[in-house]
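Required output: the full structure, derived from the provided sequences and hints.
Residue numbers for the sequence shown follow our numbering, beginning at 28 and rising by one.
The set of hints was computed from the structure by calculation and includes no laboratory data. You can take every hint at face value.
Below, computed lysine-lysine pairings styled on DSS-like, alpha-carbon distance capped at 25 Å:
hint, residue 1, residue 2
1, Lys-341, Lys-133
2, Lys-176, Lys-165
3, Lys-341, Lys-140
4, Lys-111, Lys-133
5, Lys-109, Lys-57
6, Lys-84, Lys-57
7, Lys-111, Lys-84
8, Lys-140, Lys-111
9, Lys-140, Lys-128
10, Lys-111, Lys-57
11, Lys-140, Lys-349
12, Lys-165, Lys-245
13, Lys-81, Lys-57
14, Lys-140, Lys-109
15, Lys-109, Lys-128
16, Lys-255, Lys-165
17, Lys-111, Lys-128
18, Lys-111, Lys-81
19, Lys-341, Lys-128
20, Lys-133, Lys-349
21, Lys-255, Lys-341
22, Lys-109, Lys-133
23, Lys-349, Lys-128
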Amino acid sequence: MKKILCTLATGLCLSTAALAQPPATDWPTKPVRWVVPFPPGGAMDAIARTLGDKASKALGQPFVIENRAGAGGNIGTDAVAKAKPDGHTILITSIGMATNKPLYGKLTYDPAKDFAPVSLLAVVPNVLVTNATQPNVKTVADVVAAARKAPGQLTYASAGNGTSIHLAGEMFTSLTSTDMLHIPYRGSGPAVADLLGGQVNYMFDSITSARPHLQSGKLRALAVTTAKRSSALPNVPTLAEAGVAGYEVSPWFAVFAPAGTPQAVVDKLQRTLTDAMQQPDVIARFETIGAEPVGSSPDELATHLQRESVRWSKLIAERGIKLD
28 MKKILCTLAT GLCLSTAALA QPPATDWPTK PVRWVVPFPP GGAMDAIART LGDKASKALG
88 QPFVIENRAG AGGNIGTDAV AKAKPDGHTI LITSIGMATN KPLYGKLTYD PAKDFAPVSL
148 LAVVPNVLVT NATQPNVKTV ADVVAAARKA PGQLTYASAG NGTSIHLAGE MFTSLTSTDM
208 LHIPYRGSGP AVADLLGGQV NYMFDSITSA RPHLQSGKLR ALAVTTAKRS SALPNVPTLA
268 EAGVAGYEVS PWFAVFAPAG TPQAVVDKLQ RTLTDAMQQP DVIARFETIG AEPVGSSPDE
328 LATHLQRESV RWSKLIAERG IKLD
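Have a look at this one:
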């Protein structure tokens, strides 16, 4: 992850091959259907709409956002896997591209074979938070000490089984050798509500969801999950800085096309999105949702997906996590 993710503050991490000009192509020749496999309103949807608007203007054809939610993103993802590989149907997806296969066991598509990687788009860090009224929990060390003192008695909430928020908690308990009870909710909203109400002790939440409560002083941020500090919370340490050696969970978003999409089309789309992510208004929009723009070549995204798949498959197997 560290080798291929670069925010725009330091320049997009692009290989020479990614910058090479592809053969001329007249794509797109009609509206592009951009499938978002989750409901409107989240970070993924906002990223797609922001970049889709820029791509529409740059390429002269509308990028139409289609929210096809369900089954942890699998319904929309499967629709793109089966779409005509002409570049007029594309997918924005997330860490679920690496985790859904080990979580669900059987999928109707193959993440490694049924898609043409285009580019990483953004990372939206998760943050470990607690209710600000807890006087004795101000650091990650406090959490670890409390969990070791009362094994199995402390709770952490998530937005649902198998989400990056849940897996961030599983990674934490694994690396700290602690035992905390996972309480899954149907989305971040009810989970945060119970955290604010004192029904659960901790939560790994996305910065997008947590930031209003951090700004109001109702929640306390203990650490971010990414390898580097977040520009949205620059004074909050990473989990690794806070003493959890080897910890890194970087929830990412990326764009894929159906396998067999012409390389010239893939390269043109990748270049268009890269150009868009360097525009000040896009960077500003990403900042409002806690997203950090990222760029990659198609090959780098393919390598990243393979590494993430291996990494998360191992943790999911070790922790015995399964979804129906």
